[in-house]
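> Starting from the known structure of chain A, fit chain B onto it as the hints suggest.
The listed protein sequences correspond, in order, to chains A and B. Every letter in the first sequence is one number past the one before it in our numbering, and letter 92, counting from 1, is 121. Every letter in the second sequence is one number past the one before it in our numbering, and letter 171, counting from 1, is 177.
25 Å max Cα-Cα, derived DMTMM-like pairs, lysine to aspartate or glutamate:
1) B:K424 - B:E369
2) B:K130 - B:D98
3) A:K286 - B:E296
4) A:K287 - A:E276
5) B:K252 - B:E190
6) B:K366 - B:E378
7) A:K129 - B:D312
8) A:K200 - B:D312
9) A:K287 - B:D254
10) A:K286 - B:E190
11) A:K129 - B:E190
12) A:K286 - A:E213
Don't read these hints as lab results, they were simulated from the structure. Since the structure is predicted, the reported quantities are computational estimates derived from the model, not experimental observations.
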Amino acid sequence: MSALSNIYTWLSHVSETCFTACYVLVMVLEISRLFFRVAIRHALILTLTGAGIFAHLIWFCVSVRPENATPLVSWYGWCMMIALALAFVYLLWRIRFPDKSFGLFLLPVVLGLIGFALIFLRDQEPFITEASISFWTYLHGLTLLLGTIGAALGFTAGIMYLVQEFRLKHKIPSRQGLRLPSLEQLQRYNYWLLTISTALLAVGLLAGIIRQACLTAAEGSQATWEPTVIISSAILLLWLFITGVFEYVYQPARQGKKVAYLTITSFLILGTVITLVFSADHGVRANSKASAAPLQPTALDQEVVE
Amino acid sequence: MNFQIVGCSHHNTSLQLREQLAFTPDDTRTALRRLKELFPSSEAVLLSTCNRVELYTGSTEEQAGPSPRQVTEFIADFHGLSAAPLFQELFDHSGKEAVQHLFTTAASLDSMVVGEPQILSQVKHAYELATGDDCTGPLTHGVFQAAIRVAKRVASETTIQRRRTSIPSVAINEFANQFFDRYEDKQILVVGAGDIAEETMRYLVDQGAREITVVNRDPGRAERLAAEFEGSATAPWNQLLDLLGKVDLVVSTTGAPEPIVTVEQFKTIHPLRKQRTLLILDLAVPRDFENSINDFLGVYLYCLDDLQGVCEANMKARQKEWPKAQQIIVDETAAFIAETRHRATSPWIQQLKHQVNSLKEKELERLFNKLEHLDAESRDEVIQAFDRLTNKLLHPPLESLRHDTTQGGEHGLLDALKRLFQLRD
Chain A
30 MSALSNIYTW
40 LSHVSETCFT
50 ACYVLVMVLE
60 ISRLFFRVAI
70 RHALILTLTG
80 AGIFAHLIWF
90 CVSVRPENAT
100 PLVSWYGWCM
110 MIALALAFVY
120 LLWRIRFPDK
130 SFGLFLLPVV
140 LGLIGFALIF
150 LRDQEPFITE
160 ASISFWTYLH
170 GLTLLLGTIG
180 AALGFTAGIM
190 YLVQEFRLKH
200 KIPSRQGLRL
210 PSLEQLQRYN
220 YWLLTISTAL
230 LAVGLLAGII
240 RQACLTAAEG
250 SQATWEPTVI
260 ISSAILLLWL
270 FITGVFEYVY
280 QPARQGKKVA
290 YLTITSFLIL
300 GTVITLVFSA
310 DHGVRANSKA
320 SAAPLQPTAL
330 DQEVVE
Chain B
7 MNFQIVGCSH
17 HNTSLQLREQ
27 LAFTPDDTRT
37 ALRRLKELFP
47 SSEAVLLSTC
57 NRVELYTGST
67 EEQAGPSPRQ
77 VTEFIADFHG
87 LSAAPLFQEL
97 FDHSGKEAVQ
107 HLFTTAASLD
117 SMVVGEPQIL
127 SQVKHAYELA
137 TGDDCTGPLT
147 HGVFQAAIRV
157 AKRVASETTI
167 QRRRTSIPSV
177 AINEFANQFF
187 DRYEDKQILV
197 VGAGDIAEET
207 MRYLVDQGAR
217 EITVVNRDPG
227 RAERLAAEFE
237 GSATAPWNQL
247 LDLLGKVDLV
257 VSTTGAPEPI
267 VTVEQFKTIH
277 PLRKQRTLLI
287 LDLAVPRDFE
297 NSINDFLGVY
307 LYCLDDLQGV
317 CEANMKARQK
327 EWPKAQQIIV
337 DETAAFIAET
347 RHRATSPWIQ
357 QLKHQVNSLK
367 EKELERLFNK
377 LEHLDAESRD
387 EVIQAFDRLT
397 NKLLHPPLES
407 LRHDTTQGGE
417 HGLLDALKRL
427 FQLRD
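Only chain A is shown next, with the shape it has when bound in the complex (with noise of 0.2 Å):
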């Protein structure tokens, strides 16, 4: 078990440096691509991509709260939890596409999210233990989590439909290193990404109103219902409500560049909500000084270990 433990100590030595480093590499790397060939790229763009990932799972898994069944125990880690799943997504498109350029797009997003989690979130408070429990609490987090993903996926997509869809429109020639999927098949990732995000997130949102009536039932007038968080949510819904319609009645809507646009905004107006969101402290603990950053192994950690 010593052998178990000394492990465990040497893995969470690993921070978040370990795996931002890896994506800021693999970043730059995806730049040269618009300079220079070298065999060897492809390769290296795969490992550090993978060992990137790995370092990340590792840093989940080792900041784990022993009392908490979820790594999703707070914004940083839910904004962390993002990054790592479109890491993971643009690890699979590569794979599947070596040629196409999504790096220089997604990248950009991964290392964005990151960048905000450390900035803005890192000293955040937890969620509240207590209502982590309940159904309601975990579809509202999960879906609002798989449609953020889906949000940003979207976004994404639609930059990259909007960049290949101006060079096509003014023949430029694609540049070196620089070769993005076609036309129909971004219009396609963009739609699907668009109209499962806007599901996932409706969802999400709906599963909040049901949590917060539940707690007021159960708790009267202590359950509180932040104005901050009504309003954004209700904004969202709204404009959720609006894509679905527009989508349905208006063909072009759901092609070309609409799709696009309609992809970037979501994503916009999503990022503006969340930001309220976390501005009002939803769900976080009122009177803890827990911090929200990984810890180091307790006693505790420890004792689960041996």
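Same frame as chain A, now just chain B:
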């Protein structure tokens, strides 16, 4: 190895004569069966495309296959032509040159459009057809499978096939593929029925296109073109604008002196499209579509000038890759010939070793009968000494034989070996 090719190609034979010598799939089967009846021990594969007719024959037995003269006479007789003029028109290669020619052809280095990928599937098809009719054998299996492997190696280690140089090829493979992922579900309109239209349709069908409508002022030409491609249809010229409202891809190749579709005409059908993507490849000179049509939402109009630059750049890049591709062919040919010769000498080497071992066993038996007092350890020593002796005696001649085989057997060491040691078939 008795492998040869007799044939003609666009390099040295006119289109008219190639058309006379061409074989349809049914003709190919009939010809191969007839050849098999005339030369039962011979193997054969017949490759007939729009740019070449080549009959590959071979046999593992010496003198069992037809000579180049006999093959020429066979081809002439099959098509009801006189053989005498064909002796000047057809080329022939044998042995290593024949193998190298097949490798070069399969790798598309001998094609009219160098790097075009269709030839490899045509070579595969010819080989499979001959195999299906039981006309191939160990030699043709070896050569054609090696040719397919070599072609794939050239494709993967050079960029020669990725550099398209013909306008229709660039239009579809480098431009249309940036818009569309697949063509099975696309409606395609081809305006015009000339050579460019035909070549473009070939590339589209290769990509999986199934719904192609051909429109031409001369309906007869449109019908003849559509008949060449399964799933294609024709439409009257006056339905051109209606079709523009429905299709996803337009390839225009008419010889009209003025645009056949103006901006004003396009305005009437644009709302019907509901902003769906429309790619127009205007390959005509002068243009068939007014340039301002590109400004419509969802419409992308490319003309010849847009494609020409890419063709020229690809041509230069391909020329740079040529020496590398040639070297691969040369190296693979040499390796194949050495491997084939090595396999040819193996049975003789085995026979020689068997003969020597047999002699050794007899002498050992005679010796041990006379030296019955020898203990087991001494017997083992004697056996090992005999083994070492025979191995050391055989090693220099067999090594020389292997080396001679690699060099092409020019010193005739295999024949000498057979005669010196009286090896029999």
